[in-house]
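J.: So the chains spell out like this:
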Amino acid sequence: MNNPIITLLTDFGTKDHYVASMKGVILRINPQCTLIDITHHVSPQDIREGAFLLASASPYFPKGTIHVSVVDPGVGGPREPILVKTTNYFFIGPDNGLLTLAAQKDGIKHIVVLTNKKYFPPEVSATFHGRDIFAPVAGYLSLGVNPKVFGEKTHYLVELDSGQPEFKRDQLIGEIIHIDNFGNLVSNIDQKAFSRFTKNRTFLIKAGKRIIKGLKRGYWEAKDGELIAILDSSGFLEIAVREGSAQKVLKVKRGDPIIVTVISGQ
Amino acid sequence: MNNPIITLLTDFGTKDHYVASMKGVILRINPQCTLIDITHHVSPQDIREGAFLLASASPYFPKGTIHVSVVDPGVGGPREPILVKTTNYFFIGPDNGLLTLAAQKDGIKHIVVLTNKKYFPPEVSATFHGRDIFAPVAGYLSLGVNPKVFGEKTHYLVELDSGQPEFKRDQLIGEIIHIDNFGNLVSNIDQKAFSRFTKNRTFLIKAGKRIIKGLKRGYWEAKDGELIAILDSSGFLEIAVREGSAQKVLKVKRGDPIIVTVISGQ
Amino acid sequence: MNNPIITLLTDFGTKDHYVASMKGVILRINPQCTLIDITHHVSPQDIREGAFLLASASPYFPKGTIHVSVVDPGVGGPREPILVKTTNYFFIGPDNGLLTLAAQKDGIKHIVVLTNKKYFPPEVSATFHGRDIFAPVAGYLSLGVNPKVFGEKTHYLVELDSGQPEFKRDQLIGEIIHIDNFGNLVSNIDQKAFSRFTKNRTFLIKAGKRIIKGLKRGYWEAKDGELIAILDSSGFLEIAVREGSAQKVLKVKRGDPIIVTVISGQ
Numbered sequence: 454m455n456n457p458i459i460t461l462l463t464d465f466g467t468k469d470h471y472v473a474s475m476k477g478v479i480l481r482i483n484p485q486c487t488l489i490d491i492t493h494h495v496s497p498q499d500i501r502e503g504a505f506l507l508a509s510a511s512p513y514f515p516k517g518t519i520h521v522s523v524v525d526p527g528v529g530g531p532r533e534p535i536l537v538k539t540t541n542y543f544f545i546g547p548d549n550g551l552l553t554l555a556a557q558k559d560g561i562k563h564i565v566v567l568t569n570k571k572y573f574p575p576e577v578s579a580t581f582h583g584r585d586i587f588a589p590v591a592g593y594l595s596l597g598v599n600p601k602v603f604g605e606k607t608h609y610l611v612e613l614d615s616g617q618p619e620f621k622r623d624q625l626i627g628e629i630i631h632i633d634n635f636g637n638l639v640s641n642i643d644q645k646a647f648s649r650f651t652k653n654r655t656f657l658i659k660a661g662k663r664i665i666k667g668l669k670r671g672y673w674e675a676k677d678g679e680l681i682a683i684l685d686s687s688g689f690l691e692i693a694v695r696e697g698s699a700q701k702v703l704k705v706k707r708g709d710p711i712i713v714t715v716i717s718g719q
Numbered sequence: 454m455n456n457p458i459i460t461l462l463t464d465f466g467t468k469d470h471y472v473a474s475m476k477g478v479i480l481r482i483n484p485q486c487t488l489i490d491i492t493h494h495v496s497p498q499d500i501r502e503g504a505f506l507l508a509s510a511s512p513y514f515p516k517g518t519i520h521v522s523v524v525d526p527g528v529g530g531p532r533e534p535i536l537v538k539t540t541n542y543f544f545i546g547p548d549n550g551l552l553t554l555a556a557q558k559d560g561i562k563h564i565v566v567l568t569n570k571k572y573f574p575p576e577v578s579a580t581f582h583g584r585d586i587f588a589p590v591a592g593y594l595s596l597g598v599n600p601k602v603f604g605e606k607t608h609y610l611v612e613l614d615s616g617q618p619e620f621k622r623d624q625l626i627g628e629i630i631h632i633d634n635f636g637n638l639v640s641n642i643d644q645k646a647f648s649r650f651t652k653n654r655t656f657l658i659k660a661g662k663r664i665i666k667g668l669k670r671g672y673w674e675a676k677d678g679e680l681i682a683i684l685d686s687s688g689f690l691e692i693a694v695r696e697g698s699a700q701k702v703l704k705v706k707r708g709d710p711i712i713v714t715v716i717s718g719q
Numbered sequence: 454m455n456n457p458i459i460t461l462l463t464d465f466g467t468k469d470h471y472v473a474s475m476k477g478v479i480l481r482i483n484p485q486c487t488l489i490d491i492t493h494h495v496s497p498q499d500i501r502e503g504a505f506l507l508a509s510a511s512p513y514f515p516k517g518t519i520h521v522s523v524v525d526p527g528v529g530g531p532r533e534p535i536l537v538k539t540t541n542y543f544f545i546g547p548d549n550g551l552l553t554l555a556a557q558k559d560g561i562k563h564i565v566v567l568t569n570k571k572y573f574p575p576e577v578s579a580t581f582h583g584r585d586i587f588a589p590v591a592g593y594l595s596l597g598v599n600p601k602v603f604g605e606k607t608h609y610l611v612e613l614d615s616g617q618p619e620f621k622r623d624q625l626i627g628e629i630i631h632i633d634n635f636g637n638l639v640s641n642i643d644q645k646a647f648s649r650f651t652k653n654r655t656f657l658i659k660a661g662k663r664i665i666k667g668l669k670r671g672y673w674e675a676k677d678g679e680l681i682a683i684l685d686s687s688g689f690l691e692i693a694v695r696e697g698s699a700q701k702v703l704k705v706k707r708g709d710p711i712i713v714t715v716i717s718g719q
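Chains as they are written, first to last, in my numbering: chain F, 454 to 719; chain Z, 454 to 719; chain W, 454 to 719.
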């Protein structure tokens, strides 16, 4: 049988001992796990960014993968620790919207609130459920423990303030949901919304104080330093600069608008 | 049999080829190892910070784990390369205090100075014992080679200038030993020292120029932006800001004092 | 049989979902792989730096290791995706010079252009061949698929503008090709070139505005804060500051000259 795969996504950074502590806890329960980092550099306590990254990376993993995610400003408070079984995966983390986007995308089967203390250490820290609840549950789950034994079923997930783009008569108003390592600006306008809005009409895209006309198919179609719009590898409308950083050129930040305006019908 | 687990902690960063070279050397000796990074972002040549992180993360790993640690400003000089067998683990690295805290915490069984050149490459670099001594010893140890064959026994480890907190009549004077990714300030005052000093008396905690009254049980008990003190997930007194950075609010640095003052007896 | 080892080197950083997507794709094809990061912090689109790091780390891995590298400013354009079989390894990535140094060092056996769409997903993104071409080819290769089935043979690799040092009568003129995490300045002058030039003559080394006399054998021979030259653990002439950063002291950058001048013959 294949080794079970467990991914980790957190806002812990990689300087501290937090991520390694979680990995140690998992390996103590199941030393045969394959542990894969999605990222530990979610902006501190930024649930929306974590949700976007989890929903972007998780679908590429094999069926049966256990995705553990911790961006958890309300740790130790009233928010519930949960396990979500979806069509292909298990998602474990706080019920604060972090898992919702990825879980809905894959198709939710059932949700369990993690309450069974049998699977936790004798003392659960009030500030580090990643180590004391999510990691051990992932470890036992990877050993084949039935998801139902970790706690009671529930039927609702906390919704993420999801930031869908807004359709107006001549404009599609989206926003920057992620700025990547290259300074590319990823918007919340996906291929479907984009096509539905533009149809075959001519359009302009406004980002920062600049106007871009039309789409390129890839970076190679642009000249060095040229500001362009493309549909990126995840299917989102992206603003980029060939061999440069759109973020530096436009001086924008996450949450700033990306506006598509139709200038001629057919 | 389970795959042996080898952890790595260094101050090499993750931009260079150094960490990957060590992993390659280990895998060439034993391709079945599971390699886990504790961190590679110890502040360059900061032995005390490395020792703190190693002692914090190592206890969560399974019995038999081999912990390789390299923060090694004296590499190639008179400091000895060592292997420490403790109750549950093996610690490999330079004898400069880096391993001492973690090894003493787990209980030292015996110490070996790594001198047997049979297990090193023909030419040992004077600047990279991580790749040429510590990695191959970890690889062979993971194959079941007896620790004793790597060199001669010794009985003392270099002590770390450990920075224990100071007990005065009305004050317990500690210092900041680590600032984490969230800007939380971890002090060297642990739960035991703290309870022994405060008993059930009322106290104030001074950090930077601010005074904090009492402890919270977790971040969720605070309002957003509130400066609080808690006992953290490793059992140390920690200064934090709910959904913010105590380091930015207080403008303090590692080594700065954290002072607990008793203001009423019972 | 041992698990196949696949390494990854990119300029993607570790904040985004890109690296994890590649790992997911590989594990979906072959869940038994051992995945090792060389680095994901190559300066964005800096092919020469990537080539240096790949050539420095790759030789330490076991025979049969599959090295996947992606620094790919021309992704989706005319540059070819390739697989290079060398004496000990497989190198997969864009044919833009990135693989050339490492492949030549190990001895090129044959080169295949990756054109067989049978091994790609139905839609290949124009901006992310790492996920849609290089990762799946690595996955299938690790399952034992014959390199020849991925496409047609070719005989030439794009050459890297390799920056060999220049030999003059009294001077050997090199340049800084890498600045590491400690601020050490690695030059393109290797041990062989250095010995051939200096023979047993006395020499001075100029870096930034400072002159260094002679070589040390290691950092420990220097005083704290002293600026020194050594032959580093990869065999290159390196400028360093004991317990400090040569980069900060000299205020130099990658590409700046390192000049060895002979001041007396024999």
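Take the hints with a grain of salt, since some may be wrong.
In this list, chains with the same sequence are indistinguishable; a pair is considered to hold if it fits within one copy or across any two.
[Stated by the list, open to error] Calculated lysine-lysine pairs in the DSS-like style (CA-CA distance at most 27 Å, straight line):
no.: 1; residue 1: 621; residue 2: 516
no.: 2; residue 1: 516; residue 2: 468
no.: 3; residue 1: 704; residue 2: 666
no.: 4; residue 1: 468; residue 2: 669
no.: 5; residue 1: 659; residue 2: 516
no.: 6; residue 1: 468; residue 2: 558
no.: 7; residue 1: 538; residue 2: 669
no.: 8; residue 1: 468; residue 2: 538
no.: 9; residue 1: 706; residue 2: 468
no.: 10; residue 1: 570; residue 2: 645
no.: 11; residue 1: 571; residue 2: 652
no.: 12; residue 1: 621; residue 2: 538
no.: 13; residue 1: 570; residue 2: 704
no.: 14; residue 1: 570; residue 2: 669
no.: 15; residue 1: 601; residue 2: 558
no.: 16; residue 1: 570; residue 2: 538
no.: 17; residue 1: 706; residue 2: 621
Keep in mind that the hints were calculated from the coordinates and are not lab data.
J.: For residue 571 and residue 652, with the copy left unspecified, which applies at a CA distance of at most 27 Å: within, between, both, or neither?
T.: neither (56 Å within a copy, 32 Å between copies)
J.: For residue 706 vs residue 468, is the C-alpha pair at or below 27 Å within one copy, between two copies, both, or neither?
T.: both (25 Å within a copy, 16 Å between copies)
J.: With identical chains, the pair residue 570 and residue 669 could be close in the same copy or across copies; at 27 Å between alpha carbons, which is it: within, between, both, or neither?
T.: between (54 Å within a copy, 23 Å between copies)
J.: Using 27 Å as the alpha-carbon threshold, which applies to residue 538 and residue 669: within, between, both, or neither?
T.: neither (38 Å within a copy, 35 Å between copies)
J.: How do residue 570 and residue 538 come out at 27 Å by Cα distance, when the copy is not named: within, between, both, or neither?
T.: Classified as within; 20 Å inside a copy, 33 Å across copies.
J.: Within a copy, between copies, both or neither: which one fits residue 621 and residue 538 at a CA-CA cutoff of 27 Å?
T.: neither (37 Å within a copy, 55 Å between copies)
J.: At 27 Å max between alpha carbons, let me know whether residue 659 reaches residue 516 within a copy, between copies, both or neither.
T.: Neither, since 40 Å and 52 Å both go past 27 Å.
J.: With identical chains treated as interchangeable, where does the CA-CA distance between residue 570 and residue 645 reach 27 Å or less: within a copy, between copies, both, or neither?
T.: Between copies only: 26 Å across, 44 Å inside.
J.: I want to check one pair: residue 468 and residue 669. Are their C-alpha atoms no more than 27 Å apart within a copy, between two copies, both, or neither?
T.: Between copies only: 25 Å across, 39 Å inside.
J.: Treating 27 Å as the Cα threshold, decide for residue 706 and residue 621: within, between, both or neither.
T.: Only inside one copy: residue 706 and residue 621 sit 23 Å apart there, 50 Å across copies, limit 27 Å.
J.: Is it within a copy, between copies, both, or neither that the alpha carbon of residue 570 lies no farther than 27 Å from that of residue 704?
T.: Neither, since 49 Å and 40 Å both go past 27 Å.
J.: Since the copies are identical, ignore which copy is meant and state whether residue 704 and residue 666 lie within 27 Å (CA to CA) inside a copy, between copies, both or neither.
T.: within (19 Å within a copy, 42 Å between copies)
In summary, the numbered hints that this structure violates are 1, 5, 7, 11, 12 and 13.
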